[in-house]
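2 protein chains.
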Amino acid sequence: MPVGTQATVKTARNSDLQQDGWRIILCNTYHLYLRPGKEIIEKAGGLHSFMSWNGNILTDSGGFQLFSLSRLRKQSEEGYRFQSHVDGSTHTLTPEKVIKLQMAFDSDVMMVLDECLEQPSDRTRTEESLELTLRWAERARKVHPENHQALFGIVQGGGFPDLRRKSADVLAGMDFDGYAIGGISVGEPRKQMMKAVGACIDHLPEKRPRYLMGVGKPEDLVDFTAMGVDMFDCVVPTRNARGGSFFVPGGHLNIRNARFADDMSPVQPGCRCYTCTTHSRSYLRHLFIAKEWLAPILATIHNLHYFSVLMGKIRMAIDERRFSAWRREWHARRRAFDPSGY
Amino acid sequence: MPVGTQATVKTARNSDLQQDGWRIILCNTYHLYLRPGKEIIEKAGGLHSFMSWNGNILTDSGGFQLFSLSRLRKQSEEGYRFQSHVDGSTHTLTPEKVIKLQMAFDSDVMMVLDECLEQPSDRTRTEESLELTLRWAERARKVHPENHQALFGIVQGGGFPDLRRKSADVLAGMDFDGYAIGGISVGEPRKQMMKAVGACIDHLPEKRPRYLMGVGKPEDLVDFTAMGVDMFDCVVPTRNARGGSFFVPGGHLNIRNARFADDMSPVQPGCRCYTCTTHSRSYLRHLFIAKEWLAPILATIHNLHYFSVLMGKIRMAIDERRFSAWRREWHARRRAFDPSGY
Numbered sequence: 001m002p003v004g005t006q007a008t009v010k011t012a013r014n015s016d017l018q019q020d021g022w023r024i025i026l027c028n029t030y031h032l033y034l035r036p037g038k039e040i041i042e043k044a045g046g047l048h049s050f051m052s053w054n055g056n057i058l059t060d061s062g063g064f065q066l067f068s069l070s071r072l073r074k075q076s077e078e079g080y081r082f083q084s085h086v087d088g089s090t091h092t093l094t095p096e097k098v099i100k101l102q103m104a105f106d107s108d109v110m111m112v113l114d115e116c117l118e119q120p121s122d123r124t125r126t127e128e129s130l131e132l133t134l135r136w137a138e139r140a141r142k143v144h145p146e147n148h149q150a151l152f153g154i155v156q157g158g159g160f161p162d163l164r165r166k167s168a169d170v171l172a173g174m175d176f177d178g179y180a181i182g183g184i185s186v187g188e189p190r191k192q193m194m195k196a197v198g199a200c201i202d203h204l205p206e207k208r209p210r211y212l213m214g215v216g217k218p219e220d221l222v223d224f225t226a227m228g229v230d231m232f233d234c235v236v237p238t239r240n241a242r243g244g245s246f247f248v249p250g251g252h253l254n255i256r257n258a259r260f261a262d263d264m265s266p267v268q269p270g271c272r273c274y275t276c277t278t279h280s281r282s283y284l285r286h287l288f289i290a291k292e293w294l295a296p297i298l299a300t301i302h303n304l305h306y307f308s309v310l311m312g313k314i315r316m317a318i319d320e321r322r323f324s325a326w327r328r329e330w331h332a333r334r335r336a337f338d339p340s341g342y
Numbered sequence: 343m344p345v346g347t348q349a350t351v352k353t354a355r356n357s358d359l360q361q362d363g364w365r366i367i368l369c370n371t372y373h374l375y376l377r378p379g380k381e382i383i384e385k386a387g388g389l390h391s392f393m394s395w396n397g398n399i400l401t402d403s404g405g406f407q408l409f410s411l412s413r414l415r416k417q418s419e420e421g422y423r424f425q426s427h428v429d430g431s432t433h434t435l436t437p438e439k440v441i442k443l444q445m446a447f448d449s450d451v452m453m454v455l456d457e458c459l460e461q462p463s464d465r466t467r468t469e470e471s472l473e474l475t476l477r478w479a480e481r482a483r484k485v486h487p488e489n490h491q492a493l494f495g496i497v498q499g500g501g502f503p504d505l506r507r508k509s510a511d512v513l514a515g516m517d518f519d520g521y522a523i524g525g526i527s528v529g530e531p532r533k534q535m536m537k538a539v540g541a542c543i544d545h546l547p548e549k550r551p552r553y554l555m556g557v558g559k560p561e562d563l564v565d566f567t568a569m570g571v572d573m574f575d576c577v578v579p580t581r582n583a584r585g586g587s588f589f590v591p592g593g594h595l596n597i598r599n600a601r602f603a604d605d606m607s608p609v610q611p612g613c614r615c616y617t618c619t620t621h622s623r624s625y626l627r628h629l630f631i632a633k634e635w636l637a638p639i640l641a642t643i644h645n646l647h648y649f650s651v652l653m654g655k656i657r658m659a660i661d662e663r664r665f666s667a668w669r670r671e672w673h674a675r676r677r678a679f680d681p682s683g684y
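Each protein sequence line maps, in turn, to chains A and B.
Just so you know, the first sequence maps onto residues 1 to 342 in the numbering used here.
Just so you know, the second sequence maps onto residues 343 to 684 in the numbering used here.
Wrong hints could be hidden among the right ones.
EDC-like mimics (lysine to aspartate or glutamate), calculated; alpha carbons at most 16 Å apart, straight line [unchecked claim]:
(1) B/K385 with A/D262
(2) A/K38 with B/D604
(3) A/K43 with B/D604
(4) B/K439 with B/E480
Keep in mind that the hints were calculated from the coordinates and are not lab data.
Make the full structure from the sequences, and use the hints.
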């Protein structure tokens, strides 16, 4: 899922996303609750209508944003009391309210409110937090109506495999429509991520989507798919694009590099995206150096296309029962990647 | 002509411009000379190829940018010595060098180097400057090869009608492919602009394009066309777009206005642009308030479409010999414009 925090995947038009075959994007409940607010989205007829997006939408619960963005956060059994990062106004979010908000947004996949913990946290603190998150999940489950909206539970448990397992087992017992693995941040060491996912993934119902939140880089998509993950969301393709980093098979190119100044070839020869079929590295570098608006736009088009193609290849390899072989080849290419030869 | 200063019309893709039927854009010789530089554009095979633009390109001479942007500018009979606004490096631009640069860029319309004067200037200073500009025009004309590139002269003469006339007469005698009226800045009172154009337009060959530089707003396009002007360039559609100002028949809407917060209608009902056929005022306001990348992108699409449609209507009215009547109606609509009723 491309990330459309504020009801827009940064720099991308809906038509860009459709053209690449993206069928679901992620939006942030926390951000949309604060701006433009529930009333306006309701008046528009829900989030799809508000942003004119015909595909699916998953809304996260705000747990992570409350943890990372809000000010003067006060957490209790009831939920969160916090100050908006936008204007300092005071708000309350509870497990029930977060579901009601997502019902007003009419997203296709809703997420339960969870508590995100600073990492690393000790076992006692992690256990307490997990218990709270599970009680909150139960409360969310109770107010989830029998409607067309799916509701996913979120596995927590920090760096403790047994707590991750317990979390998965308890959530599975609540019969959610899908299960997310949370509490993993983008910068986290791969080993830790692997450990957390490995501990719980087999305890989540195989017939339901399993979603690794906030992950990841191309190699993460490949390797966590191998572990059984079905869904991902990450800002990496779009955020890196805005920084001038273009994904290419095996690695990435930093287009600001001086060696691209007079390089008239496309970023990725053979790529079918608008950027690669229209513009040269030389021109793209010029746009980035001159801080032009078109620079992040064209880079986002390419990176989202790259991720879309990658996920398509993963799906096809699985369908054709040759994913393991495909994955070995993919990693071999990655190890052999030499950006200077690009 | 939409303005593509640094070989990009800000936020717009080439495909956007093509879709609206834009057949010529303006790029700035001064900017492109400093960055990415002549060598890179030459290596790309010219500016069209560098920016992958299949339409026509007019490159201005840099006279106005030397006046408004460069530092420690020193002007002599020979030309300009100045420091780059990008990195402080020292450069020289002469009437001959500016033509050579534009030949390397392979633009379709080249402009002669002129001296832009701070306004108002007294008669003696204006006369001296005009004489220099005319000598520079002669020098540029001499090095203009018989190739596919057109070369336009630029009328100067500040606020003095007789100097404007003299300038037009002398330039007409040099047999340029087209004639520009320069030295008019965007903020200048309309009366003054009218006076300057009125003084010289009939002294410019009717069979050659007459181009009013740096103008203008919709009402300027309508009224100066009535005076005989054939070509315009202006940052107004794109710059105003980035500020949240959407042009609509008769006026414009500032989309940040609170009354649009829950307004689910398109910016301009009936408009066929991507923005109006896809998104609501409410969503567009949200994007601007949330400072999202997509905001200026969608606004630029609409404003360029609006200007393209306006120029199309002007051309059609002229073709059908009903321009005066059309213009009267257009102004009546403008006088009756009530943004709150929009």
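Next on the checklist: What's the verdict on B/K385 and A/D262, does the C-alpha distance respect the 16 Å limit or exceed it?
Outcome noted: Holds, because 7 Å separates the two Cα atoms, which is no more than 16 Å.
Item to check | Proposed proximity, B/E480 with B/K439 (alpha carbon, max 16 Å) | outcome: holds, 14 Å
Checklist entry - Between A/K38 and B/D604, is the straight-line Cα distance small enough, at 16 Å or below? => result Within the cut-off at roughly 11 Å; holds.
Next on the checklist: Hinted pair, alpha-carbon criterion (16 Å max): A/K43, B/D604. Please report holds or violated.
Outcome noted: holds, 7 Å
The structure shown violates none of the earlier numbered hints.
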